[in-house]
Structures are given as structure tokens and as C-alpha cells.
Amino acid sequence: MMLKIRSLDAGYSNLKVLKRISMHVKAGEIVTIIGANGSGKSTLLHAVSGIIKGKSGEIIFKDKQINNYTAEKIVYLGCSLIPEGRQLFPAMTVKENLVLGGYILKSKNKKINLEEEIKKIYTLFPRLEERKNQLSGTLSGGEQQMLAIGRALMSRPDFIMMDEPSIGLAPLVVKEIFKTVVSLRKDGKTILLVEQNAKAALKIADRGYVMETGNIILEGTSEELLNNHDVQRAYLGKDYKNIAER
Amino acid sequence: MIYSKNYECLSKDDLEQLQIERLQATLNRVYEKVSFYKNAFDKNKVNVEKIKALKDIKELPFTTKDDLRKSYPYDMFAVPLRDIIRIHSSSGTSGKPIAVGYTRNDLKNWTHLVARVLTACGISSQDFVQIAFNYSIITAGFGFHYAAEEIGASVIPSSVEDAQKQIMIMKDYKTTALLSTPSYALHIAHILKELNIHPEELSLKIGLFGAEPWSENLRNQIENQLHINAYDNYGISELIGPGVSYECEERNGLHINEDHFIVEVIDTKSLKPLPLGETGELVFTTITKEGLPLIRFRTGDISSLIEEKCKCGRTLIKMKRVSGRTDDMIIIEGANIFPSQIEEILLQIEGIEPHYQIILEREEGKDIMIIKIEVSDSIPFFDELKKLEDFKNSIRDHIYNKLGISVKVLLVEPRTIARSSGNKIKRIIDNRNI
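From first to last, the protein sequence lines are chains A and B.
When we follow this note's numbering, the leftmost residue of the first sequence carries the number 11, and every step to the right adds one.
When we follow this note's numbering, the leftmost residue of the second sequence carries the number -17, and every step to the right adds one.
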């Protein structure tokens, strides 16, 4: 089991956002969390990555209880977050952003050659090599997302959490990013994907959870969720008429 | 064989994780979507957000058959009716029926769960499966049908054809597995004898029986007469139908599909959960149902749980075969009697069929139990009054010795006790007006 969350309550100061969330991700899976804006999806990723602390409940990552671990220690264990809106360093070059992503790896093992690691990222995203000396703030949305993924991969994580990777991207670019997600799984990565684009996410995920106002209200295989009329109505843009006509 | 190793052999920890996730999601849904549950939780001051571990389930209120009857037909559905793609009903042996709605996912899960049942008793794509359950509003026929198709068996939906026709099909189509009620299997065995067909002339190997409680003795009798291995399985229409629990090749308890149903055994008086292994009423909470999710549904079935590592490899907990129902319990002369206890005794007596009916009368304030029993055709002294009288008395004494109650015995001719359309005999007729 890669990640296991048991009845996690979390939020910001007095605001309780997550209400006893339980979920899990097995090694090698792509799991998606879908839900509307403000349902608590990002908060959940922040809690797992140690940016906020849970009030009660358990977060178990690779058999370790990480509730009180610092964010860097969690990255150190092999869990990387690709935050919503990419959060690159816009005034730094593409390459510099990647080097920063390798910081943990370097501190783990002094012998690591970061240049080699960066080359691997360039193989995955040749576009980044073409623009290695360009300031990241000048990249297109799709390229920025590639860089955000590349930067996360620099710490050689086993487990990658992605927060809305499709946001603000053109449909064709979204397709490309999701293809990358699938290829990451083929490379042995485990992925937790938070998305508002439920249709695209469920297409590539093995399983999913549906969140509403800080609660998980449904869980199941992607097929089951795609079959569920509540999911169709709320997240797949099908209205009653579409469903009735099927 | 195991149909779904991923789920039937989960580690305890992984199963618990799955159960808590599914339970919490179910509670969130029913609280929001089923007014019965919103009211029940509010009235009992249950905050669903406080249900953080499996043990917290005991804080939740029960759901009874009566609650379901009061909300008949659709009030407890958790989805709009347009999402319901099939409606079944409980068999209606007691009281008003209950409507059970299934969404597409519910039907998919149901098929999957019953496929586990069939696979566990050795039925595979190689088998010819004769389904002699009524294909009707009750669940058994369709439940088994789709699952048998799912595993690729050749399905013969013989439904409620008469026994002679069933036997003809069985012989000609080379049926290898028979699915029916146990009493119907016995009836078929009986007709086989009448037709002078030896069971070895058939290809039958496996019998999968259910829909009514039956004893080990009855199992032996069916196995000996039909030359098959007979398996028990357990289902509840209100929960899903067949597919709740099932015997594996060990035939020592029924594995409960715990990844879909959380089981508890409660004390029928205090309604408190009983420690593992103690006998009480089975209570189930559905954790994947979309159409009609039920929280702590009181089944009225009496059993106990067995936690032991099963040799078959499944890790799902087992329940003992159901020994009776809480609402079948007869209180007479201060004793609590289950019809199954009487059946157990009757089966040990030669010359009678386990087709019987218990009639309760009250005469001048005294309760009298009359047991109406069908005798075998083969009984040699049917015309000899004296011997018949002795026979009756010996049954009476047997029951007195075993259960400590005096009963009146009434012997009747074969197949004269009225049966319902599902071929069930109404076991108890209570004329006492208590």
C-alpha cells in the first residue's frame, strides 16, 4: 500500500475543511479525486504533503505514519506534489527550476550527478531542453505544466500527487499532459490525480473518489463512477435529458 | 476456485481500510439523500462525521423490515427513480413485500458477488447450470442467472417447470449443477425415485441451495439421494438477494462478502453487538449499494461468526449456517423453539418427509403445537391404523425427549401441505391470537 488515510480531519486554523476522510492508493495505481471547486481536494493534497497538519486521523505513507512529518521529510520519503497553478519560479530558467527540484536528491546522495537527472527529464520532455535557458515565466501553459512535472520528477519520487494539471490548458495540451501521466505509471510511479476535469481523469484512472464539501460521498472503479448518474450529472456535464436519452 | 482473489483474499488491514472508506461514503450519501436516515440519525443524535472507525458502527440506529414496509415502495431509495434500472421484491412470506431498487452499478456488483458464490462451489464455464428458482419479482432466479452467464456456464433457466420436466431437462441437457431451494431438490429426488431413474443416469455433480434455512441432515439426505455435493448460500432480498455469503469447498461456514456488507451479530434483547462467536441476530450494513443502501439492517436470521483461517484461502469472515429466524421463534410452555430444531428431529425418523408445518392453537388458555407431517409413499403400514398410531406416538415422544415439549402429530399424505409459488411451505401457522 502506497498511501492510506484513515478518518483525517484537517483545515486551516479554525476552519475545518476535511471531514474524516478515508482513502487509499495502492502501488502502481492511478487514483483520481474529483469534485467541485472548494470541495477540499487541494486541502487533502496539502495535508498529505505536510503543508498543513491534520487535526485527527492517520496518514500512512509506505507504512510510516507521517502526520507530523515536515514537508521536506515527506518529499525525502518519495512523495512529490505538483501544485495547482504549477508554482514555478518564473524569474528562473527552465534548467534552474529543474535543479531546484533535485535539491532533495542531492542531499540524499552527494554522488548523484544532477546533470544526468536533468537529461532524463529532457528525454521525457524534449521541449524543455529546447528552452532550457528561457525564463520559466515566459513558457506556454502546457510547457509550464511539463516543467512542473519535470521538477517533481527530479526528486525521484515513487508517488506523485498532481493538483489540477489540466487547469487553464487547451484540450489538445490536456491530452498530452494526461498521456504523460499514463507514461509515468508505466515507469513505475504511483499517481494521485486531483481534477475538475472528471471525464479526462476517469479515463486514465483505475479508481476514484468523489468529494463534496469536505466529505467523500462515492468511491469506486473509474467504470463505476462513470456509470453513476450523480457523477454524470455533477461532473461530466450530462443533464437529466442526456441521461434519459441514453 | 476463487472468483475474485483481489477481494476475497484481502489482508485484514486492507479489508478494514476498504470497509471504513465505503462505510463513510455510504453514510454521507444516506444522510443527505434518504430522509428516513437523516431523521433517524438526528433523532439518535448521531453525527455521521463522528463515525471514524468500524467499531463506531454501533452508534448508528438499526433499520428493520418494518421501517422498509413503512417506506414502501420507494421512500428509502437513495437515488432518483430514473437511476433505478430494476426493481425486485422480498418474497413476502411474512407481511407486506419490500421493494428493492437496483442501479446499473448495483446490478453489476450483484452479478459479481453471485459469481463468487458459484465459483466457490466449483461451478465454472464447463458446467450446465439448471436454475430451478422462480424467475420473478423475487431475487433468486435472476440473481443466479446473470452470474452463471458471467462465469460463462451454460445456463438453463428451467424456473418453475414441474419436477418431471425438470428431470427430463436434467437428463437430456446433461445438467451438472442444480440451483434451487433445498426442499425442491428433495422433491426432485423423490420424483426421480418414482420415475425409477437412478441418479447415476444424470450428470449432476453440484447442488447449490438456498432461500430457506436447512439442516445438515437435510444436506446429507439430498446428497445421498441425488449423488451430488450440496452447498449452502445465503442471501437477503432487502440487501441484494443471493450473494451475501456462501460456502467454499470446506463447507464449514459461509464466507461473507465483507467488502460489500459489514456484518454484526447482536443480542436480540439488549440489541448490543455480541462478541465474536456468540449466537444472535445477523445485522448487515451495505457499503456499496447505490439504490437502496441499508444501515444496520436487522435480518431476523440467527447465526454466529467464525473467525478462523479458512483452508480455501479466502480471508472473508465466515458465518455459521442460519439456524432459524427471530420471528420464527415459537415460545411454548416457556421454551423457545425454532422450526429447524423440529426439522432436525423429523429428519432422523424414517418414513417421513421433511415437509412439515407447525400449527399453534390455544385451547382454554393452553397452547398446543400441532405438527403436520407428510409421510413417504414408501411407508409400508399406511393402511394399518394401529401401527400408524404407534408411529405418531414415537414422533411425539422423540420431540418431547429432545425439546421438552408435548406436541400433537398429524400425519398427512405426500404433497398435501399447501406451498407458495416459490415452493415454500409456510412453516408456522399461529392461530393463537397472542
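Read the hints as simulated data drawn from the structure, not as lab findings.
Every value quoted in this text rests on a predicted model; they were computed, and no experiment measured them.
Be aware that a few hints might be false.
[As the list claims (entries may be wrong)] Calculated cross-link-like contacts (lysine to any residue; reagent style SDA-like; alpha-carbon spacing at most 20 angstroms): (1) B:K32 - A:G67; (2) A:K36 - B:C(-9); (3) B:K(-6) - B:K187; (4) A:K26 - B:K32; (5) B:K20 - B:D49; (6) A:K72 - B:L(-3); (7) B:K187 - B:T261; (8) B:K406 - B:I314; (9) B:K293 - B:M(-17); (10) B:K90 - A:K74; (11) A:K74 - B:Q108; (12) B:K384 - B:I314; (13) B:K175 - B:E395; (14) A:K63 - B:K34; (15) A:K74 - B:D(-4); (16) A:K72 - B:Q323; (17) A:K65 - B:A35; (18) A:K130 - A:L115; (19) A:K36 - B:K302; (20) B:K(-13) - A:M11; (21) B:K(-6) - A:M11; (22) B:K37 - A:K72; (23) A:K36 - B:S(-14); (24) B:K384 - B:E332; (25) B:K34 - A:L115; (26) A:K36 - B:K15; (27) B:K15 - B:P55; (28) A:K74 - A:T148; (29) B:K32 - A:L25; (30) A:K26 - B:E31; (31) A:K65 - B:E31; (32) B:K37 - A:S193; (33) A:K72 - B:D(-4); (34) B:K302 - B:E332; (35) B:K293 - B:R233; (36) B:K(-6) - B:E395; (37) B:K15 - A:T223; (38) B:K20 - A:E222; (39) B:K291 - B:A35.
Please verify whether A:K26 and B:E31 have alpha carbons no more than 20 angstroms apart.
OK: A:K26 and B:E31 at ~12 angstroms, within 20 angstroms.
Restraint status (C-alpha distance of A:K36 to B:K302 at most 20 angstroms):
violated, 33 angstroms
Between A:K36 and B:S(-14), is the straight-line Cα distance small enough, at 20 angstroms or below?
holds, 17 angstroms
Does A:K26 pair with B:K32 here, judged by a C-alpha cut-off of 20 angstroms?
With Cα atoms ~14 angstroms apart, A:K26 and B:K32 stay inside 20 angstroms; holds.
Given the hint that A:K72 pairs with B:Q323, does the C-alpha gap stay at or below 20 angstroms?
violated, 52 angstroms
Decide if the proposed pair is consistent with the structure: B:K187 and B:T261, CA atoms, cutoff 20 angstroms inclusive.
Measuring from Cα to Cα gives roughly 33 angstroms; hence the hint is violated.
Are the Cα positions of B:K(-6) and B:E395 separated by 20 angstroms at most?
violated, 53 angstroms
For a C-alpha distance cap of 20 angstroms, please report whether A:K74 and B:Q108 respect it.
violated, 47 angstroms
Quickly compare the C-alpha distance for B:K34 and A:L115 to 20 angstroms and report which way the hint goes.
Measuring from Cα to Cα gives roughly 37 angstroms; hence the hint is violated.
Does B:M(-17) lie within 20 angstroms of B:K293 when you go C-alpha to C-alpha?
holds, 12 angstroms
Quick one, are B:K175 and B:E395 close enough, alpha carbons at most 20 angstroms?
holds, 17 angstroms
Hey, B:K384 versus B:I314, does the alpha-carbon distance stay inside 20 angstroms?
holds, 15 angstroms
Of the numbered hints listed earlier, those contradicted by the structure are 3, 7, 8, 10, 11, 16, 19, 22, 25, 26, 28, 32, 34, 36, 39.
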